[in-house]
Amino acid sequence: MGGWDWQVFCKNTVDGEVMPRCFGSGGDITYLQWMFSAWGWTLSVAALALLVALVVGSLVGIVRTTPSKGLVLFGNAWTELFRNIPLLVQIFLWYHVLPALIPPLKAFPSFILVVLALGFFTSARISEQVRAGIQSLPRGQRYAGLALGLTLPQTYRHVLLPMAFRIVIPPLTSESMNIVKNSSVAFAVSIAELTMFAMQAQEETSRGIEIYLAVTALYFVSAFVINRVAHVIEGRVRVPGIVGSK
Amino acid sequence: MRQGRGVNLDFSFLTWQIVSSFVVKGLIFSVQLTLIAMVGGIVLGTLLALMRLSGKPWLELPAAAYVNTMRSIPLVMVILWFFLLIPLLIGRPMGAELSAIVTFTLFEAAYYSEIMRAGIQSVPKGQVHAGYAVGMTYRQTMQLVVLPQAFRNMLPVLLTQTIILFQDTSLVYAIGAYDLLKGFEVAGKNFNRPVETYLVAAVVYFVICFSLSMLVKRLQARIAIIR
Chain F
8 MGGWDWQVFC KNTVDGEVMP RCFGSGGDIT YLQWMFSAWG WTLSVAALAL LVALVVGSLV
68 GIVRTTPSKG LVLFGNAWTE LFRNIPLLVQ IFLWYHVLPA LIPPLKAFPS FILVVLALGF
128 FTSARISEQV RAGIQSLPRG QRYAGLALGL TLPQTYRHVL LPMAFRIVIP PLTSESMNIV
188 KNSSVAFAVS IAELTMFAMQ AQEETSRGIE IYLAVTALYF VSAFVINRVA HVIEGRVRVP
248 GIVGSK
Chain E
53 MRQGRGVNLD FSFLTWQIVS SFVVKGLIFS VQLTLIAMVG GIVLGTLLAL MRLSGKPWLE
113 LPAAAYVNTM RSIPLVMVIL WFFLLIPLLI GRPMGAELSA IVTFTLFEAA YYSEIMRAGI
173 QSVPKGQVHA GYAVGMTYRQ TMQLVVLPQA FRNMLPVLLT QTIILFQDTS LVYAIGAYDL
233 LKGFEVAGKN FNRPVETYLV AAVVYFVICF SLSMLVKRLQ ARIAIIR
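So the sequences go chain by chain: F and E.
Going by the working numbering, the first residue of the first sequence is number 8, and it counts up by one from there.
Going by the working numbering, the first residue of the second sequence is number 53, and it counts up by one from there.
Hints listed in this document are in silico derivations from the structure and should not be mistaken for laboratory results.
The structure presented is a predicted model; accordingly, all values stated were derived computationally and were not measured.
Every residue, glycine too, gets a C-beta built ideally from N, C-alpha and C.
Hints are not guaranteed to be accurate.
Here are a few chain F residues that sit away from chain E, every Cβ distance over 12 Å (derived from the structure) [as the list claims (entries may be wrong)]: (1) 22; (2) 24; (3) 35; (4) 41; (5) 43; (6) 70; (7) 87; (8) 94; (9) 115; (10) 116; (11) 119; (12) 142; (13) 150; (14) 184; (15) 215.
Subject to a maximum C-alpha distance of 30 Å in a straight line, what follows is the list of computed DSSO-like cross-link-like pairs (lysine-lysine) [unchecked claim]: (16) 177(E) with 77(E); (17) 77(E) with 241(E); (18) 269(E) with 177(E); (19) 113(F) with 241(E); (20) 269(E) with 76(F).
Construct all of the structure, not just a fragment, from the sequences and the given hints.
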């Protein structure tokens, strides 16, 4: 091993020269710059996938609490399908299999395919949380809404969901942290995110420990920031006197 | 081979002979990895949980730090870390398969320990006091009174975590270990049929995980009745 060598981050990725002020010139970049761009990819994949997962997962979760048997069956099938196939296999399905079966998908960049894969995978978990959140509300709330003459969609919109979403904020926070961690699986289809960077930079520089430490630290920072943001959101939307409010 | 513009799937190359020479080896490793990491992870996880609930800061803090660190890092990174560090520590290279077994055992211990901690806390305090009252030591109380109940209460959760573990074993892809997914991938490459093999791989993983999760659901219902 022979001691630390943090200078590795200031090296040019093309010829391995140590650059002044750690900054590449003339289009070349240093490992430090590469790492931060990789962090950007990790966060973009995670953020977009979270968006997909929240929208799809909420819809599927809601559908599973409706009185319609067909919709419930669809929601259950969706959840079981995306929950019982490993994420890596799902990413390969989106990347290798679906474009072969559905030719228009060939035009999609792999970044989008990974976002969809990760988003749909996580939607299954979010649908579980949302369903549990809605079902944890007393039945009387639904009946009260309907008895007042609200339609079923109105009951969801004005009575059930405002409470259910507040209840599921803590589990959704941990899902958001999971999605950052799970975005690392995108390395398998060569998305230039942090884990991909770690593997390639380790191979090129042989300074694996320094590089892995830095990458691991960035994952920690990402998780910590999400945790804090979620805490702020939780505080903002809390209903005085109920669910988790002090 | 693939003519025209239509979808042209052909599974005929996946004969039993091909499956047994490429896939079965991988399946055996995936199952092995899952079982070893489950048993090892539950044992270590229980120890970590006991440390965290011991009330002694010098046991609590390291256990908490270990569990929280493991749970904050992506599994792929943990796999890469161990693959890099183990050879440095033992002074010689270690195969991807063995490295994966060590990694998964130590990684899953963190997750199992959280489950066991919840399980131990779900046992009423009176049980512990009753143990002490009849003259049992701490060790006996834990071993004979608390842990058996904690374990039974948490059995469905432990098994669900094991299904997740089985799915996660596919991530040994990062270090090139030969698991179930790799078996399908190699077969697909050899016969130039990656689309078909990935599809079959997904079906196989789904069938295994879905049936196991149905079994866990039934078990959960039975345990709930006994209680």
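Against the structure, the hints come out as follows:
1. Once the 12 Å rule is applied to beta carbons, residue 22(F) is consistent with being away from chain E; the minimum gap is 25 Å.
2. Distance check for residue 24(F) against chain E: the nearest CB is about 25 Å away, which clears 12 Å, and the non-interface claim stands.
3. For residue 35(F), the condition that its CB be more than 12 Å from all CB atoms of chain E holds, with the nearest at approximately 26 Å.
4. No Cβ of chain E approaches the Cβ of residue 41(F) within 12 Å, the least distance being about 17 Å, so the stated non-interface status holds.
5. Every C-beta of chain E lies more than 12 Å from that of residue 43(F), the closest at about 17 Å, which supports listing it as non-interface.
6. Distance check on residue 70(F): its Cβ is at least 20 Å (rounded) from any Cβ of chain E, clearing the 12 Å threshold; non-interface status holds.
7. The claim that residue 87(F) is not at the interface with chain E is violated, since a C-beta of that chain comes within 12 Å of its own (minimum 6 Å).
8. Consistency note on residue 94(F): stated as away from chain E, yet its beta-carbon is not over 12 Å from all of that chain's, at 7 Å minimum.
9. Under the 12 Å C-beta cut-off, the non-interface status given to residue 115(F) relative to chain E holds; the minimum distance is some 16 Å.
10. No Cβ of chain E comes within 12 Å of the Cβ of residue 116(F); the nearest lies about 19 Å off, and the non-interface call holds.
11. Distance check on residue 119(F): its Cβ is at least 19 Å (rounded) from any Cβ of chain E, clearing the 12 Å threshold; non-interface status holds.
12. Residue placement check: residue 142(F) keeps its beta carbon more than 12 Å from all beta carbons of chain E (closest about 16 Å).
13. Taking the minimum C-beta to C-beta distance to chain E, about 27 Å, the non-interface status of residue 150(F) holds against the 12 Å cut.
14. The claim that residue 184(F) lies off the interface is violated: its Cβ sits roughly 8 Å from the closest Cβ of chain E, which falls inside the 12 Å cut-off.
15. Its beta-carbon lying about 5 Å from the closest one in chain E, residue 215(F) breaks the requirement of being farther than 12 Å from that chain.
16. In summary, the hint linking residue 177(E) to residue 77(E) is not supported, as the alpha carbons are separated by about 48 Å, beyond the 30 Å threshold.
17. With a C-alpha separation of about 16 Å, the suggested pairing of residue 77(E) with residue 241(E) holds against the 30 Å cut-off.
18. Taking the CA atoms of residue 269(E) and residue 177(E), the gap is about 28 Å. The hint holds against a cut of 30 Å.
19. Note on residue 113(F) and residue 241(E): the hinted pairing holds, with a Cα-Cα distance of about 20 Å set against a maximum of 30 Å.
20. A threshold of 30 Å between alpha carbons decides the hint, and for residue 269(E) with residue 76(F) the separation of about 21 Å falls inside it, so the pair holds.
The structure fails hints 7, 8, 14, 15 and 16 (numbered hints given earlier, in ascending order).
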